[in-house]
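Participant: One letter stands for each residue in the lines below.
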Amino acid sequence: MSPKLPVIDFEKIKKVHDAPLEEFYTSGHRTCQGCESALVMRDFAKASGPRTVATGATGCMYVANTSYLTTPWIIPWMHTQLGAGGSSAIGMAAGLRALMRKGKIKKEKINVINFSGDLGGGDMGLSGISGALQSDYDLLIIMYDNESAANTDIQATGLTTYGAQTTFTPPGSKHRIMHRRWKKNVAAMLAVGHPTCRYVATASATFPALDFMNKTRKALAIGGPTFIHTFDPCPKGWDFHPAYSRELGELGIKSGIFPLYEIIDGQVVYTYDARRKGRIPVRHYLEKQGRFAHLIDEDVDYIQKQVDVMWNEWEVPGVAPFKAGLQVAAR
Amino acid sequence: MIKRVEVNYRGIFQKMLGKYIGSDIVQIATRMGKVAFSNGRYSDAPERNGIPCKYFAFVSPDLSEEELEAECGAKLDIDEADVSIVVDDTMVKGVEPWGWHGVRPINEKVREKGCLLVVSRHPHDHLLQFIGKKPYSYRLATLEGGASLAGLWVYKDDLTRERVLGALAAVDPGIIAIEAVEAYLLDKTKDARRAQAAREAYEATLRRTRIVTPEEGIDWPHEVPILPKWHEFEETGVVVRSVPRGFQLGPRGQARNDAFKRGTTKTHRPVVRFDLCIKCTLCWLDCPDECFDPTDDGLFDVDYEVCVGCHKCAAVCPIPECIVMVDELKFTDDKSPWEAYTKSPQAYIEWAELKKGKERIAYPHVTGQGVNITEGTTVPPKVAAV
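Residue numbers (the numbering used here), protein chains in the order written: chain A, 57 to 387; chain B, -8 to 377.
Calculated directly from the structure, the hints in this document are not laboratory data. Treat the hints with care, as some may be off.
Derived pair list, reagent style SDA-like, types lysine to any residue, alpha-carbon separation capped at 20 angstroms [what the hints assert, rightly or not]:
no.: 1; chain 1: A; residue 1: Lys344; chain 2: B; residue 2: Gly361
no.: 2; chain 1: B; residue 1: Lys270; chain 2: A; residue 2: Leu77
no.: 3; chain 1: B; residue 1: Lys104; chain 2: B; residue 2: Lys124
Keep in mind it's a predicted model, so treat the numbers as computed, not measured.
The shape of chain B in the complex, shown without the other chains (with noise of 0.2 angstroms):
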């Protein structure tokens, strides 16, 4: 038997707490009398900020090492995960790590009886409404918590890690215990404050963990490719197409790449206060990937199914409030801001208002040194007369 765990962490800004889960439960089943052995995903390779991004664990009470590694060893993913852990809640609405890929389900590997934990300060019910619908029950656990974000050198150690193995330890006493866990953080670290942490995430997690049938999810939005085989390449080898050309003003005027849209990178998304806007064009100038599309009066709508929330269009604009960065997890559809305001002005602004809240994020420089956050201020709308 073969029990399969996935971590699924933000590129690069989870790099090392992906790795760092991967490698504490391949040693504390070590320490429990179990083979096991944990590796990352190649295709990942190279890791690109913020894209979605797989680390497994394997771990066998009956296998020997060479069984296991034959079985798991050299697959790009796996078919079926007993956990599948998710360390930023904001890939519950899909990921796409790369083109032909499509958009997947984040439950997509959770097999029947299996478990989908989620580091989320959302109630179950919010994120199944992003969530896609099996055709059998598994579980939904989540552990409170934000998205534990650093950066390629550098590890965030805020008891994410401990907490994680203390879940897990919840949701599947059959890959670790949490005897172990508490056992093997005492040994390694000398830190009781580190078994603590994961004693309690294990208990608070046996309380937030919930069936979710097969009626619950949404129907899944995307598509899934299919990747050509290579007996149906053309026959002068692999031709990769250009985008063919094409612009015109107004939303989605700009021919894009079909293939890979990559909107699931994104754990914020730009909100634009159209009337504020200055129509300076920095946000569309240095926009890294042209997502701003400009429109017949100067504007620039956003096209959030290939925006991958860098925060730099919301840096670079000049005027306060009028591009703000809001959480991915607000939104259910990746429609056209622009043309929402010029139907309605009004109710867009109060639309956008009410998406914005109160609270105001920033990030420090340096990754890894955790999030600001203001209260931002309420500017009235500039189009009243209209």
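Bound-form chain A, shown alone (with noise of 0.2 angstroms):
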């Protein structure tokens, strides 16, 4: 079993004026004008304080943050490659528990987070994600999600929301419809195949204010190994212009196309619940991208079908895609 230490007691940002004001992740990066997953960045390092080292995979986020020789870190960062966001984490929890254990650095509490994008941590890293959340070390993946490979200019990933325009999926004249995918639902199958990972959320940077803080601030708090799932629009690969990023962002989630939670030692709380709220038609959220600008009314309305079909009937909305409830087989 991990040895007992010493917890931060996160506090709650219960105000906008409540949240801390030192950054530890500053000024000076080479993201795009608008960037929501640069604030996911900024947003975990302020909730989880300077106690904190993090590491990054491979992705936008890496390479934007630490090009040339500058970074705008303040905590200590360690770089990995795309696949190695989990085992990296684990390296990192276990090296500090050992060199706790052996006396050489002080017993504390040292927040290990892991940043994955989602091309990473959901489709090339997801194994050693799996494999974090197995084990029994304090850590937390961020898995920061704008839908595709962004460094390397926009390359459809298995979150790629269906019909979008990407490097890999152009429209053309006798194939409008490339990317074919249903956007792979990472968090909810994450939680549930991992009883040792008791705190699992997805969130998004700006909406609503202070959420993602305090999801981050109460991973790290409950302990072991946590994992959240950010969805970050990305004004040069959607295609909208930067001054809209938080409004995708909060329409995304209004239409129900991103769904909201936290699934806390197995149960589900709704963050934003859009049964009970209701849902915008998810045209809106569409139509103000450019990577959709191909699509026609009959693909809209199957996306409103899927998401109606996720709402609807799914058994546990917005998270676990089965149906018919609980069947005993007939013998």
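Using the hints, put the two standalone chains together into the complex.
Facilitator: Given below as structure tokens:
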């Protein structure tokens, strides 16, 4: 079993005016104008505080943040390979535990946070993250999901929305829809299969305000291996003006295309319950992005239908796609 | 002999434009019997929205293809340019595409008697208050027009491409001739309007070109850092230092990455009416570039050196006219606006309203659809009694 460590008593940030003022991820990164993933970095660093080490798998946020011998990180960070997010987090946590056991460093809680992109975390590094979530180490894995391999100019991944234009899936005159895969449901998938992982959440950096910072704190306070999936509108790849990156996140959540929830010890808590609060048509979300400019009404209706099924027919709406309930097989 | 052209463009927003201009120059020069090729600067990849980037075209009347490529092919940057094209005029304030590059003058590569060709609505003298001095004379030409901004998947067909080709023929006929430009456009597009646009731009540019003497321009205020050489690295290898921790309330109170400020990414900057602010913190909370500095009176100062002009603060601000995005070329310094406001609220508000002017810009959601201009209202100051 893991040794008992003192815990940081993370406070819930109740009002925007209570948000910590100091930055641990600061200006001087090479991200796009209006980058939401940069806000994910800023917010998790702000929420977790100075006793944090970050490891970043290759991707937009690693390359933009550590190019040419400069970095915006104030907390210690380490770069790891594209699929190695989970294993680097385990290695970091194990190393710290060993140093503390041997008395080389003071016994205290040091937050180990890995950030991986949707390609590094949801596709390529999935096995490593799965391994990390089965361990008993204290670590948090944040998958920042901008729905593409954005660093290399927007290639489709398993988390790209159905129908989107990417470098891999350009719409043509013969085949309008080249991306025919439905977005992979990574957070729920990891929650289902990893009983060691006591906290899984989905979040957006800006909507609702403070929500992501509080989820980061909750994950760190609960301890053990934890996972957060964030939804980051990407002005470059989704093709919208940077001014609207917050609005797009809000629309994505309100239209129900990206469900916001936490799973704490197996219990699902909706952060934004689209069944109770109602959903806006997905059209409002899709029409504001150039990557969906080629869709016709039929495609929008199809996406709407899939989202409706997700909220109306799934056993756990927005989370788990089991439908008919439990049935005892007739023998 | 090699003629070198560089196209300075805004990353992603003008990626297609830069690439098309480069490839057009190659095709036109080839039709004129010259040898040419074009390429982008490798180190600009991956491009980010708004980052200053470069595309090159090389033309030679006498070298073979192999010789030209050996001379210009695998270079990070060129040493000198016969023509530097700038397709967004806010880049005349300097360009800093990545860390350890420094903010460098836009005319850095322009050679003696070469030409800086800027797409701009501003007169030459206005542009020269931002451009650094050169030790020799060169030419400055302007092509009337606004920055043609689009997106990664979008090319905005507003004739900027054709007009730049016409203007290039005017400033250096040794690279491409206007007749060849017209013939190429007619052949390729079968659209007389495009050839016509190139010809009109050619004639206008002939009239709008002037010599810049070594006395003109400003003393460059930014230092260019010197990148450590491989043998100067520490014995343990390359160490990338974290930013030292530091925070206090007030302007520039947050420790920041000094080696890369990237303020040259912006085309507009937020002008804040501090008197209207309700201290909701949203601009600060939602800024992806951490450029707002909390102050002891609950307001948020802006560090314009690190602001990249994403328009997000103006979009989330709930108070009309409190944060307004204003053309970057209206400003000559990056001083703290909050300091100016606390020193003299009334003078600051007057200054802010003057800078804001009447026009308010708003971009449609999907890129490449132009810009909407509306008339703003002037809100009376709230601190008149103070």
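Participant: Hint by hint, say whether it matches the structure.
Facilitator: Tested hints:
1. Among the hinted pairs, A/Lys344 with B/Gly361 is consistent with the structure: their alpha-carbon atoms are about 15 angstroms apart, no more than 20 angstroms.
2. Distance restraint check for B/Lys270 and A/Leu77: the Cα-Cα separation of roughly 14 angstroms lies within the 20 angstroms cut-off, and the hinted pair is therefore satisfied.
3. A C-alpha spacing of about 14 angstroms is found between B/Lys104 and B/Lys124, which places the hinted pair at or below 20 angstroms, so the restraint holds.
Checked against the numbered hints listed earlier, the structure breaks none of them; every hint is satisfied.
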